[in-house]
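Got chain A; can you put chain B on it based on the hints?
Chains as they are written, first to last, in our numbering: chain A, 5 to 202; chain B, 5 to 202.
Quick caveat, the hints were computed from the structure, so don't treat them as lab data.
Computed from a prediction, not measured in an experiment: that's the story for all the values here.
Treat each hint with caution, since some may be false.
Identical copies go unnamed one by one, so any copy, or any two together, can satisfy a pair.
Claimed, not checked - List of simulated lysine to any residue pairs, SDA-like, C-alpha gap at most 20 Å: (1) K91 to L156; (2) K109 to F84; (3) K109 to L144; (4) K91 to L144; (5) K109 to E97; (6) K109 to G192; (7) K109 to I31; (8) K91 to A201; (9) K109 to S202; (10) K109 to D130; (11) K91 to E153; (12) K91 to L101.
Each chain, letter by letter, is given below.
2 protein chains.
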Amino acid sequence: MTSLVLASASAVRARLLAAAGVAFDVIPAHLDEDAVKEALLAQNTPMRGVADALAELKALRVSRSHPEALVLGADQVLVFEKELVSKSPTVSEARALLTRLRGRKHELIGAAVLAKDGAAVWRHVDSATLTMQDFSNAFLDDYLAQEGEALLGSVGCYHLEGRGAQLFAHIAGDYFSILGLPLIQVLGALRDQGVLAS
Amino acid sequence: MTSLVLASASAVRARLLAAAGVAFDVIPAHLDEDAVKEALLAQNTPMRGVADALAELKALRVSRSHPEALVLGADQVLVFEKELVSKSPTVSEARALLTRLRGRKHELIGAAVLAKDGAAVWRHVDSATLTMQDFSNAFLDDYLAQEGEALLGSVGCYHLEGRGAQLFAHIAGDYFSILGLPLIQVLGALRDQGVLAS
Numbered sequence: 005m006t007s008l009v010l011a012s013a014s015a016v017r018a019r020l021l022a023a024a025g026v027a028f029d030v031i032p033a034h035l036d037e038d039a040v041k042e043a044l045l046a047q048n049t050p051m052r053g054v055a056d057a058l059a060e061l062k063a064l065r066v067s068r069s070h071p072e073a074l075v076l077g078a079d080q081v082l083v084f085e086k087e088l089v090s091k092s093p094t095v096s097e098a099r100a101l102l103t104r105l106r107g108r109k110h111e112l113i114g115a116a117v118l119a120k121d122g123a124a125v126w127r128h129v130d131s132a133t134l135t136m137q138d139f140s141n142a143f144l145d146d147y148l149a150q151e152g153e154a155l156l157g158s159v160g161c162y163h164l165e166g167r168g169a170q171l172f173a174h175i176a177g178d179y180f181s182i183l184g185l186p187l188i189q190v191l192g193a194l195r196d197q198g199v200l201a202s
Numbered sequence: 005m006t007s008l009v010l011a012s013a014s015a016v017r018a019r020l021l022a023a024a025g026v027a028f029d030v031i032p033a034h035l036d037e038d039a040v041k042e043a044l045l046a047q048n049t050p051m052r053g054v055a056d057a058l059a060e061l062k063a064l065r066v067s068r069s070h071p072e073a074l075v076l077g078a079d080q081v082l083v084f085e086k087e088l089v090s091k092s093p094t095v096s097e098a099r100a101l102l103t104r105l106r107g108r109k110h111e112l113i114g115a116a117v118l119a120k121d122g123a124a125v126w127r128h129v130d131s132a133t134l135t136m137q138d139f140s141n142a143f144l145d146d147y148l149a150q151e152g153e154a155l156l157g158s159v160g161c162y163h164l165e166g167r168g169a170q171l172f173a174h175i176a177g178d179y180f181s182i183l184g185l186p187l188i189q190v191l192g193a194l195r196d197q198g199v200l201a202s
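If we strip away everything but chain A, and leave its shape as in the complex, we get:
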C-alpha cells in the first residue's frame, strides 16, 4: 500500500487522523505562510483560494522529496469583516481578537490537498460560520487565565474540543474542518487513493 505523509506540524490534525485509525508519518512543510498569503492577497486571490493554495503548497513541497508517498497538506484561514485574520502571537493580542469577535459571526475556511509525485491528485475546500456569544469581560478574563498560551495555537484563539466551546452561541459547518481537517472527506480520498482499505 502507498504510505501517507502528513505535511503539517499541527497536533490536532495528527490526533484526528490517528484517532480514526490511519497510519502516517509527519513531515511538516516549512513555508513562509505569511509571505505567501500577502502575495496571494496582493493578487486579489479570493479567501478560499488562499487556503487552497497554502494547502497545495505544503503538500507539493513535501511530495517533491517523497514522490512515492501520498502527501496530505492542509490549511485554515479565519475571515472576519472580509479580512483575513492572522494568528495572535501573544495572549494580549488574543484578548484583542476575541473582543472583536464577541457577539459576531466569523468564517473559517479549511482546505486539504493530497499530492503524489509532485502533483496534486485531490483537493477539498469548505467553510464554517461561527457566531460567538456576547460574553462579558469577566468571562473573557477567566477564559484567558484558564487557557493561557495554549490558545495561541489556533487562529481564532479557541479549541472547540475544549473550553472554547463556551465562546459560541451558534456553529454551522463541519466539526472536523473547524478543528483543521475535513476528516470524512480525507478518509474517502484515502480509500480512493488506495491508502485505506474499503
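Only chain B this time, still in chain A's reference frame:
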C-alpha cells in the same frame, strides 16, 4: 450558583461537558428505556417525540430527588428505514446491523432536557443524517476485530471520534449531537439558567 447534575451514565456525555469546562455531578436515571419506547411507539409517538420524552423522563426522575439542582437528561435514537433501531447486545448483532446500514443513510435524533424542581425548564431536539460508505466484508471484519465490544456502547455501533469515522461517506448534522449531547445549545441554556458564567 445552581449546581448541575447529569442524569446519564454515558461516558461520552460526561467527557464532552468536562472538556468544555463545566462542573457537574453524575446521577444516572434508572429507567426501563425499552419499555418506555415500546409504550410511546404503540401510541404512534413520532421518533423525535420518543427521544424528547426519554430525555425528559431521565431529567425529571433525578430532579424529583434533587429539586434544588439543574438536571440534564439526554437521549438519542437511531432511525433506519422508518424504524427505531435498538442497541446491539453482541458483536454478532453489531455485524448484522452494520451490514444493513452499509451504503445507506440513517438518522440520529438527539434530545436534551433541563429540569429543575421536578419540571422541565428547557429542551432541544435535533437530527443528523449519516451515510455509510459501501465497505467490504473484509473491512467490516477488521473494524469489528479492532473495536470489539467497545462499539456496543453506541446504538449505531460506531464512535465518530474514533475509527468509526472510516465507516462514513457523508455526514450532515451537528457533531456534538451525533456523539450524544448538543453541547453548544446545552452550554447556552446553562448560561441562561445561571449555571455557567456569561
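Copy assignment of K109 with I31, given that the CA separation must stay at most 20 Å
neither (34 Å within a copy, 37 Å between copies)
Under a CA distance limit of 20 Å, which applies to K109 and E97: within one copy, between copies, both, or neither?
within (19 Å within a copy, 45 Å between copies)
Check your understanding: Within a copy, between copies, both or neither: where do K91 and L156 come within 20 Å Cα-Cα?
Key -> within (7 Å within a copy, 41 Å between copies)
**Prompt:** Is the C-alpha distance from K109 to D130 at most 20 Å within one copy, between copies, in both cases, or in neither?
**Reply:** within (16 Å within a copy, 22 Å between copies)
Exercise. Check K109 against F84 for me: Cα-Cα at most 20 Å, and say if that holds within a copy, between copies, both or neither.
Key: within (8 Å within a copy, 35 Å between copies)
Intra/inter-copy verdict for K91 and A201 if alpha-carbon distance must be at most 20 Å
neither (37 Å within a copy, 27 Å between copies)
Reference check for the pair K109 and G192, CA-CA at most 20 Å: within, between, both, or neither? Answer is between: at 16 Å across copies they meet the 20 Å cutoff, but 30 Å inside does not.
Open item on the list: Regarding K109 and S202, is the shortest C-alpha distance of 20 Å or less found within a copy, between copies, in both, or in neither?
Closed with: between (38 Å within a copy, 18 Å between copies)
- K109 and L144: within-copy, between-copy, both or neither at 20 Å Cα: within (17 Å within a copy, 41 Å between copies)
Requested in this report: First find the shortest C-alpha distance between K91 and L144 inside one copy, then the shortest across copies, and answer within, between, both or neither for a cut-off of 20 Å.
Outcome: within (18 Å within a copy, 42 Å between copies)
*asked:* Regarding K91 and E153, is the shortest C-alpha distance of 20 Å or less found within a copy, between copies, in both, or in neither?
replied: within (12 Å within a copy, 42 Å between copies)
At most 20 Å between CA atoms: does that hold for K91 and L101 within a copy, between copies, both, or neither? within (10 Å within a copy, 45 Å between copies)
Hint check: violations occur at hints 7 and 8; the rest are consistent with the structure.
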